[in-house]
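Participant: Given the sequences, and given the hints that come with them, work out the whole structure.
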Amino acid sequence: MLAFRILEINTAVFKALQQILSRGNTKEAMKPNLTRASIDMAWGLWSDSLPSVKIDASGKRVDNQDFLVSYVAALREIYRLVEKDLDADRVKRMLTLLREAIKQANASTYSADIEYLTPLQSQVLELLKMIRTDIVGVPATLISQVAEFVALAFVPEDNTSDIQRPTYVALSKASMVFSEKLILSHSSEPDIYTSGSVSSSLAALANPIVMKYSFSIISKSISPWRQATMSALAILGAILPIMPTITLNDEAVRSIWTSIVSIAIGITSADCDVAAEKVDIKDDQEFDIKSFLTLRGLITPALGSHVIPDRTRRAYTESLFHMSIIHPAQPSELPQSSQELLATLYQIRKGRTIDPTPSARAKMSYVCFDELVSLVALHDGSLPRIKLAQAAAPYLILRSGLILRAYIADQPLRGRMPQPLSQRKELLYILKNLVSLQCESEAIPDTPGVESEAKKHLHRLYPLLVKAMSAAARDQEVLEWIGKALEEVGKEFGL
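Going left to right, the sequence shown walks through residues 1 to 495 as full-length UniProt numbering numbers them.
Fair warning: there could be bad hints in the mix.
Taking lysine-lysine and the DSS-like style, the derived pairs with C-alpha atoms no more than 30 Å apart in a straight line are [what the hints assert, rightly or not]: (1) Lys425 / Lys363; (2) Lys27 / Lys129; (3) Lys15 / Lys129; (4) Lys432 / Lys350; (5) Lys220 / Lys84; (6) Lys282 / Lys350; (7) Lys220 / Lys129; (8) Lys425 / Lys467; (9) Lys425 / Lys350; (10) Lys425 / Lys282; (11) Lys27 / Lys103; (12) Lys129 / Lys92; (13) Lys432 / Lys363; (14) Lys363 / Lys290; (15) Lys129 / Lys84.
Derived from the structure by calculation, the hints contain no laboratory data.
Facilitator: Take a look at the structure:
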């Protein structure tokens with residue numbers, strides 16, 4: 001009958017199958033009334049493929065939810081009958097077909113599954129939660145599939161199709177919570193790492209965190225990026241202490257850390273220009289700051305491991321640099337991709353009297369700057385700390401150079417007008433940190449002809465500090481802190 005590919009017939013077939021199987025081999029029965037052959041036949045009927053249906057040639061959208069719900073409901077009974085004999089291959093087949101059912105479902109209304117799961121999505125998730133995870137290979141397979149459900153809401157729509165797909169927002173958020181539970185339950189099992197399951201799960205969570213305000217669908221309950229952040233932090237809190245105790249290949253470790261850095265970048269960043277009107281940017285900033293400080297405590301100094309490529313650390317510190325910028329810099333002030341990072345450090349741009357608006361997330365910018373300082377600072381001299389300091393030092397110097405160069409260029413044009421408060425606050429904050437910083441000596445190469453240990457960052461900035469001193473003639477506090485910075489350099493020369 002399924003060969004007719006008629007929606008109503010397919011629905012009736014699987015409803016009948018579910019009802020028949022529900023009476024088989026029940027706990028109340030004195031003895032089994034379904035043979036192994038009968039159960040295998042039912043499994044074969046269900047697992048052969050997701051039966052297709054003919055679409056009305058008129059182009060009218062067909063609501064296939066009832067059919068898919070009946071198809072999934074039949075599996076619930078089949079699973080009950082085969083649970084004791086379950087193996088990894090059978091689980092993989094179940095997951096493949098459940099995924100197809102989710103993806104083939106048409107949307108009854110576009111917004112139907114933003115806040116709440118559809119009946120089909122709810123049934124599929126409940127089935128996933130039923131699956132035994134004491135079978136080798138099953139936890140990893142299950143984690144990978146749930147990661148795919150997390151990602152569904154953030155896959156760009158196919159504009160060439162006339163079929164209205166669900167939003168998958170509620171499914172994505174529910175899958176984030178389930179993914180967290182699965183990984184925490186199996187965090188000590190090497191297979192979930194070596195198979196790539198943990199990495200794919202973290203990558204799926206990173207996507208909504210990075211998108212943040214650019215994800216156009218607004219939900220009344222917790223936003224996808226917030227739920228993803230919470231789940232990611234819970235997962236990392238569980239796996240990062242365990243990973244060093246498990247024998248993992250380098251590729252698995254690197255893949256996981258790539259996703260971790262993506263999560264860190266997403267937490268610290270936000271395109272406030274595309275935020276919806278009702279978004280509370282300050283509250284979101286506080287949430288992100290708290291999340292980042294938690295993440296920082298988890299990944300530092302582990303990110304300095306020799307197994308992790310330098311480019312991964314650079315991606316992290318480069319993001320801290322960009323997110324630490326409070327007043328937007330002109331493109332010409334930043335090194336081009338073909339240039340060395342500090343190639344333009346001493347090039348002063350033309351002055352300007354139009355002051356840029358400070359970032360809407362200035363508080364996060366200060367947190368990111370603080371982290372650059374912390375990474376460059378001398379700690380225990382261990383190899384991981386040195387590698388982190390080496391990755392952060394050029395960006396700290398470039399970041400400090402930006403504010404000094406802007407001051408040198410703009411302040412003379414202001415005449416007797418004071419420096420804008422937000423810029424003055426930023427300048428003083430950076431100067432004070434530069435003066436107090438005792439940097440890791442191996443983080444910054446020696447300046448030619450100069451021996452230094454803890455103040456190499458000031459040696460690199462010395463030409464800018466001298467010019468800034470001339471520009472700060474009327475601001476006593478700025479003069480004082482530039483003077484202290486120069487005094488620290490003088491001490492290195494024995495002056």
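Participant: Compare the structure with each hint and give your call.
Facilitator: Here's how the hints hold up against the structure:
no., hint, in the structure
1, Lys425 / Lys363, "holds (12 Å)"
2, Lys27 / Lys129, "holds (21 Å)"
3, Lys15 / Lys129, "holds (22 Å)"
4, Lys432 / Lys350, "holds (26 Å)"
5, Lys220 / Lys84, "violated (42 Å)"
6, Lys282 / Lys350, "violated (34 Å)"
7, Lys220 / Lys129, "holds (26 Å)"
8, Lys425 / Lys467, "holds (19 Å)"
9, Lys425 / Lys350, "holds (22 Å)"
10, Lys425 / Lys282, "holds (19 Å)"
11, Lys27 / Lys103, "violated (35 Å)"
12, Lys129 / Lys92, "holds (14 Å)"
13, Lys432 / Lys363, "holds (17 Å)"
14, Lys363 / Lys290, "holds (12 Å)"
15, Lys129 / Lys84, "holds (16 Å)"
Violated hints, in rising order: 5, 6, 11; the structure is consistent with all others.
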